[in-house]
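> Whole structure, please, built from the sequences with the hints as guidance.
Line by line, the protein sequences are chains A and B. Counting from 1, one number per residue, gives the positions in the first sequence under our numbering. Counting from 199, one number per residue, gives the positions in the second sequence under our numbering.
No lab work stands behind these hints, which were simulated from the structure alone. Glycine included, each C-beta is placed from N, C-alpha and C at the ideal position. One thing to keep in mind: the hints can contain errors.
What follows is a set of in silico ranges between Cβ atoms, one per label pair, in the way DEER data are often shown [as the list claims (entries may be wrong)]:
1. B:Arg382 - A:Ala80: 41 to 51 Å
2. A:Gly117 - B:Val286: 14 to 24 Å
3. A:Thr38 - B:Asp250: 22 to 32 Å
4. A:Ser79 - B:Asp369: 27 to 37 Å
5. B:Gly315 - A:Gly177: 30 to 40 Å
6. A:Ser79 - B:Asp314: 24 to 34 Å
7. B:Gly334 - A:Ser64: 53 to 63 Å
Computed footprint of chain B on chain A; a stretch qualifies when at least three of its residues, placed anywhere within it, have a C-beta under 8 Å from a C-beta of chain B [claimed, not checked]:
8. 75-86
9. 103-111
10. 149-161
Chain by chain, the residues run as shown.
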Amino acid sequence: MRKQTLFALTITTILVAASASPVLAYTLLSPRRRWATTPVTVRVYSVGNSTITDADHGVSAVVSAIRAWGIISSSSTTSAAVRGSAPATIMLNTDGGVCTGSCLAATLTGYYVSQTGDDRIYDADIYTNQAYDYYSSGESSCSGEYDINGIMTHEVGHVIGIGHSSVAGATMYPSVGACNLNPRSLASDDIAARDDLY
Amino acid sequence: MHRRSIALVVLVFALALPLSASQFLQLPFDRLARESTLIVRGTLGNTWSAWDDAHQVIYTYATVRVQRYFGESTGPDTLLVREVGGTVGDYTQEAIGFPTLRDGQDVVLFLGKWEDGVAYRIHAYNQGKLLVSMRGGVERLVEDPERQGEARESHGAAPALRVESEGLTIDELAEMVDAARAGRPVAERQQQ
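Listed below in structure tokens is the structure:
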């Protein structure tokens with residue numbers, strides 16, 4: 001039994017180490033697609049998330065955080081997301097009926113396939129699971145919560161057409177743990193992906 | 199028992215690999231099995247996509263020809279599964295990282311009900327969908343490498359580690375589901 005456990009632990013360690021290898025490996029959504037013009041307009045619905053205890057329940061924090069991409073024009077809005085219609089809108093106060101259970105946040109994108117292969121993103125909206133507690137840069141301390149600044153910076157990466165990266169610490173790394181603030185800051189891999197598209 | 203333990207560890211990690219999700223939390227297997235309304239092995243067929251009544255969301259539907267129910271559950275020979283995302287005309291709507299539904303796929307699905315009760319949805323997103331693959335003359339369960347918006351254009355090294363594991367057999371999965379639903383531990387909790 002001890003040998004079996006040791007063998008299993010060895011395999012586990014190898015897999016963890018391999019999956020965290022620091023390689024440059026950004027990906028783009030497939031098919032490759034982008035917005036027609038920059039800056040890309042992203043609105044944050046003015047009804048924030050009730051678990052965030054800063055002045056506006058995370059709205060201002062997210063408006064600022066997603067500007068990290070450098071090609072985003074962001075502001076708050078009193079208009080809720082309309083799927084299938086621009087502008088891209090972040091909803092902190094609803095799961096949209098699509099992001100429940102083990103989903104933290106979900107991005108829905110819409111695009112038209114062009115005849116020239118230069119596909120254009122037409123709309124994107126982001127929804128947030130209401131079953132979890134979130135933390136923002138406007139709060140003093142984080143305890144067992146998920147960082148809304150980083151989560152939305154990651155999701156906005158999808159909004160502009162970027163997929164996941166295997167670079168641990170990159171914003172577009174697909175996994176995030178409680179109180180992990182790393183995704184707030186773009187890694188060189190994230191910047192390379194953005195510059196590839198725009 | 200030894201081989202099954204190793205296969206389980208590999209399977210759990212295969213399901214937790216970077217390409218497997220947008221920003222999802224990884225459920226322990228026992229929770230995945232207990233929370234699912236139905237766990238079935240079947241074949242996807244007759245897929246189609248359509249806008250919802252409000253013309254805001256495109257859903258893709260698929261019928262599942264069920265060959266086996268796992269756990270204590272039983273049900274009809276055919277189920278209807280619905281997932282967000284799909285193509286209508288020249289417009290595509292994708293939920294990035296969500297599972298896809300493809301005609302002819304031989305699958306094991308962990309299912310829950312949509313709120314409207316009309317169709318089932320895959321529970322825990324990609325964690326709840328496994329492909330049945332024939333390996334060495336034995337049917338084994340492997341992760342589905344395809345997700346909505348999955349990046350096929352990579353730069354530099356491979357975007358994600360691929361585990362070529364043996365995978366669990368159907369019967370091994372059935373034992374695990376039985377154990378989970380009976381409240382017996384089946385694996386260490388793994389969460390990302």
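> Does each hint hold? Answer for all of them.
Here is what the structure says about each hint:
1. B:Arg382 - A:Ala80: 41 to 51 Å: holds (45 Å)
2. A:Gly117 - B:Val286: 14 to 24 Å: 20 Å Cβ-Cβ, so the 14 to 24 Å window holds.
3. A:Thr38 - B:Asp250: 22 to 32 Å: holds (31 Å)
4. A:Ser79 - B:Asp369: 27 to 37 Å: Cβ of Ser79 of chain A to Cβ of Asp369 of chain B: about 53 Å, so the range 27 to 37 Å is violated.
5. B:Gly315 - A:Gly177: 30 to 40 Å: holds (35 Å)
6. A:Ser79 - B:Asp314: 24 to 34 Å: Given range 24 to 34 Å: holds, Cβ gap about 26 Å.
7. B:Gly334 - A:Ser64: 53 to 63 Å: At roughly 54 Å between Cβ atoms, Ser64 of chain A and Gly334 of chain B fall inside 53 to 63 Å, so the hint holds.
8. 75-86: holds (count 3)
9. 103-111: holds (count 9)
10. 149-161: holds (count 4)
Figure legend: structure checked against the earlier numbered hints; the only hint not met is number 4.
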